[in-house]
Amino acid sequence: MSQNSSQPRSTREVIRWLEEGHISAVTAMSHLADGFSVEPDTGDDSKVTATERRSSNPTMSVQQGRRGLQKLSSLVGLGQIKEAIREVVAYAHIQQRRSQMDLASQPLMLHSVFSGNPGTGKTTVARILAEIFHDIGVLERGHLVEAERADIVGEYIGHTAQKMRKKVKAAIGGVLFIDEAYSLARGGERDFGKEAIDALVKAMEDRRDEFVLILAGYTQEMEWFLTQNPGLRSRFAAHLTFPDYSADELVRIAELMLRERQYQLSSGGQDALRTVAGGLQGGEWGRGNARSMRNLLERAMRRQAVRLMNNSNPTRSELLTLHAEDFEEIIH
Amino acid sequence: MTRKCAIVGATGCGKTLLFWRMCKMTKADPDAAQTHSRSRSNSRMYSGHIRMPYKGGTGAGSDEWTLIDTPALHDSVQTPGIQAAGAATLRLLISCDAVIHVIDASRVGRLGGRAGLYRVDRAIHHLIMHADWPKLRRSQNGVQRPNREHASWIDRFLPVLRRRTERVRNGKLNSPVYIVAANKMDLPWSRVGHANIQKACSGAVVLPLSARRGDGIGGLFRHLAERRLGQ
Ligand SMILES: Nc1nc2c(ncn2[C@@H]2O[C@H](COP(=O)(O)OP(=O)(O)OP(=O)(O)O)[C@@H](O)[C@H]2O)c(=O)[nH]1
Ligand SMILES: [Mg+2]
Chain A
1 MSQNSSQPRS TREVIRWLEE GHISAVTAMS HLADGFSVEP DTGDDSKVTA
51 TERRSSNPTM SVQQGRRGLQ KLSSLVGLGQ IKEAIREVVA YAHIQQRRSQ
101 MDLASQPLML HSVFSGNPGT GKTTVARILA EIFHDIGVLE RGHLVEAERA
151 DIVGEYIGHT AQKMRKKVKA AIGGVLFIDE AYSLARGGER DFGKEAIDAL
201 VKAMEDRRDE FVLILAGYTQ EMEWFLTQNP GLRSRFAAHL TFPDYSADEL
251 VRIAELMLRE RQYQLSSGGQ DALRTVAGGL QGGEWGRGNA RSMRNLLERA
301 MRRQAVRLMN NSNPTRSELL TLHAEDFEEI IH
Chain B
333 MTRKCAIVGA TGCGKTLLFW RMCKMTKADP DAAQTHSRSR SNSRMYSGHI
383 RMPYKGGTGA GSDEWTLIDT PALHDSVQTP GIQAAGAATL RLLISCDAVI
433 HVIDASRVGR LGGRAGLYRV DRAIHHLIMH ADWPKLRRSQ NGVQRPNREH
483 ASWIDRFLPV LRRRTERVRN GKLNSPVYIV AANKMDLPWS RVGHANIQKA
533 CSGAVVLPLS ARRGDGIGGL FRHLAERRLG Q
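Chains A and B supply the protein sequences, listed in that same order. Heads up, the first sequence is in the working numbering, so the first residue is 1 and it goes up one at a time. Heads up, the second sequence is in the working numbering, so the first residue is 333 and it goes up one at a time.
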C-alpha cells in the first residue's frame, strides 16, 4: 500500500490512514508518538499473544515488512550493507511465498557474520533485521538477544553447553547476537571456549529454523574465528563487512544526535564539527565510528555547560547552541 | 468550562460498565439517544455530562466534565467500521483533557508478564507519556470532519474542540491528565495483574478498581478533580 512506504507527515494523515484501514490503531499511535515501534519484547517471557502471532500472517506481511525496511533506509550511510540485506530479505520472503504455494523452495539459511569496527552499526542493523524477519513472518517474535563470552562460556565441564542452551532458548523466535564472537575461542587448553563453539554449532543444527544467529566482531579476528571449527564458515549465509563511517556520514550522524538532544550548532560550531568528523575518520581522536562521535559530542556539551556557568542568566538560544570553542579542547 | 474525559482501552476491559457506573454515581444523565447494548455499542461513542464537587486550593466549587465512552482500540487492522471508529477515538484522545485508560487486571494477571497487556495498551501508555503533545495537538490542526456515523457526536463536540485549539495555539496545553484504571479487581488474578500494570505503565497513576462492584471509583473522581487543568 502506497501509504505505508513513506512516513506520515501529520497527525491528520496518520488518522486518515487508520480510518481508511491501511494501518492498525497500534501503528497509528506509534506514529503519533513519533518513531516509536511496538516490539514484541526483548526479555525473558516467551509468551506471544495470539494477536502478535496473527500479525506474522503472510497476507499482511508485505505491507508490514516495509516498516522495518524503512528503518533500515533511514540509517546514515551503510549503502552496501542495506543492499545486501534487502537481497536476503527479498529472498527469504519469496522462498516463503513459494512454499505457501507449494512450489519448490530452498531451506532458509539466515545466520550471518557481521564484521567491522565497534560503533559501525552492527547491533543496530541486527536489531532492525530481527524486526524485518518478524514482519515478513520468518521469525515469530523478532526480538534480539545479545550475548558475549561471559554469558556463554562456563566454569566447569558441561556448564558452557548449559549456558549456551539457555541463551539459545531465550533467542528462539528472534535473533541471537554474539558480539566479539572470536573471544569464545580464545584462551588455552583449559578453556571451555571450544565447548562453546561446539554447542553453538549443535544449536544451529537442532533448532535450525527457530532462530537466527548473528556473530559480530573485528574483521580480521572474525576471519580467524571461522577457521577454528571446520563446519563453521559454511553455516553462515551472509558475511557483511561494516565499513567505518566517512567524515560526511559522521557529520550527518552527529546532526541527528544533536537534534535528538535539542542542541544546535553555531556556524563556527559547524566548522568545528566538520574538523572533528575529519579527525575521527582519519583515526586521530578515535576510530571512525558513531560511538566515538557520541562521546565527543557529549564532551562538547559538558564544555558548553561549564562555559555557561559563568553566565548567570543564559538565554534559550545560548542554552541550545554549541560554539566552536566547545569543541576546542577536543581539536587542540 | 466543560472538560472532556475519554475512557479508552482494549476490547472487553470494562470501559462501558465503568462509564455507566461513573454516570450513575454522579447522577449524570447520559446521552439517552444512544441506547446501550453491548453488540451495538462496539463501534459507538456516547457521552455523559458529570459534575464533580471539588475542594481545592481555590476553594469549593464543581467541575463539569463530559465523560465519553469509546469503542475498543485493536492490535491489528479491523473491518472498515471499526477502523473508522478507531480514527474517531484517536482524534478524541488527542484533544481531550483527561484520559482514563482501562485495563482488565484480571486478564493481565492470568496471562502473565507483558503478554497479558494488549499491544494497544502499551501503545496508549507510550503515546500519552512520550509524545510531543503541544506538537501533536498543533499538527492535528482542528478536527477533520468524518462523514459517516460519527458525524453526529463530533458535531456536538466541535465547539469544545475549537476552544481547545485556541488554548493549544497559546501554548497552554500539555498532555492530558492520565489515569490507568486497573479494572476487574474483584476477579481472581487481579492483584498480580495490578502489580504488572504498575510495572508496565511506569510514570502513570494506576488506580485499582472494580466497575462491577463500584470499588475504587471514588478515587478516580478525586484524581480527576485534583488534577484538573486550566487553573
Ligand atoms: N467481574 C468484573 N467484570 C467486569 C468488570 N468490568 C466489566 N466487566 C465485564 O466485562 C465485560 C466487558 O465489559 P464492557 O464494559 O462491555 O467492556 P468494554 O471495554 O466496553 O468492551 P468493548 O466496548 O467491546 O470494547 C462485561 O461482561 C462486563 O460485565 C469488573 O470490574 N469486574
Ligand atoms: Mg464498550
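If you're looking for bench data, these hints aren't it; they were derived computationally from the structure. These numbers come from a predicted model, not from an experiment. For glycine and all other residues, C-beta sits at the position ideal for the given N, C-alpha and C. Hints are not guaranteed to be accurate.
For each label pair, taking beta carbons as the anchor points, the in silico distance ranges come out as [stated by the list, open to error]:
hint	chain 1	residue 1	chain 2	residue 2	range
1	B	G344	A	L256	38 to 46 Å
2	B	T334	A	P243	46 to 54 Å
3	A	E20	B	D518	37 to 45 Å
4	B	R383	A	K169	50 to 58 Å
5	B	E396	A	E83	22 to 30 Å
6	A	A90	B	P412	25 to 33 Å
7	A	R316	B	E396	44 to 52 Å
Taking the hints in turn, this is what the structure says about them:
no.	hint	result
1	G344(B) with L256(A): 38 to 46 Å	42 Å, holds
2	T334(B) with P243(A): 46 to 54 Å	60 Å, violated
3	E20(A) with D518(B): 37 to 45 Å	40 Å, holds
4	R383(B) with K169(A): 50 to 58 Å	56 Å, holds
5	E396(B) with E83(A): 22 to 30 Å	60 Å, violated
6	A90(A) with P412(B): 25 to 33 Å	31 Å, holds
7	R316(A) with E396(B): 44 to 52 Å	37 Å, violated
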